[in-house]
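Could you put together the complete structure from these sequences and hints?
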Amino acid sequence: MNMNLTRTLEPGGHLGAIRVEVLGPGCPRCERLAQRVECVLEQLPAIAGRFVIVKVQSWTEMLSYEGVRALPALALDGQVVCWGRVPSVEELAGWLINAERNPSAATAE
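For the sequence shown, numbering that gives the first Met the number 0 gives the first residue as 0, with consecutive numbering after it.
Don't take each hint at face value.
To be verified - Across the chosen pairs, the derived CB separations fall in these ranges:
1) Pro24 / Gly66: 24 to 32 Å
2) Trp58 / Arg100: 29 to 37 Å
3) Ala92 / Thr59: 28 to 36 Å
4) Ile17 / Glu60: 27 to 35 Å
5) Pro44 / Arg68: 30 to 38 Å
6) Asn97 / Glu41: 17 to 25 Å
7) Gly15 / Arg68: 24 to 32 Å
Honestly, the hints are just simulated from the structure, not real lab data. Given the structure is predicted, the values throughout are model-derived calculations rather than measurements. Note that CB positions come from ideal geometry on N, CA and C, so glycine has one too.
Have a look at this one:
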């Protein structure tokens, strides 16, 4: 099943959806992170519809995220949860489940 959740959104797009923001210029590790997030959401169909994956590739926009020290980075609704590596499937699943249960709380690394 390929849900093709990765999108480029205009500001304010997908009202109510939790934004999973993959920060990076499009390098192989950045693409691997986006694919891994999509794979995890495919394995969580009960909550997948609550999320939209957004690739943030503009350097100006990437620099606006507080706490990013290296790429790729991952943010949930603007809150950075991981940077400088591709997290494990288990880590991603935990962050996404937690974000779906409590959208206002992000777990920072």
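Here's how the hints hold up against the structure:
1. Pro24 / Gly66: 24 to 32 Å: Taking Cβ atoms as reference, Pro24 and Gly66 lie about 18 Å apart, which means the hint is violated.
2. Trp58 / Arg100: 29 to 37 Å: This hint holds: roughly 33 Å between Cβ atoms.
3. Ala92 / Thr59: 28 to 36 Å: The hinted range 28 to 36 Å holds for Ala92 and Thr59, with Cβ atoms some 31 Å apart.
4. Ile17 / Glu60: 27 to 35 Å: violated (18 Å)
5. Pro44 / Arg68: 30 to 38 Å: 34 Å Cβ-Cβ, so the 30 to 38 Å window holds.
6. Asn97 / Glu41: 17 to 25 Å: holds (18 Å)
7. Gly15 / Arg68: 24 to 32 Å: holds (31 Å)
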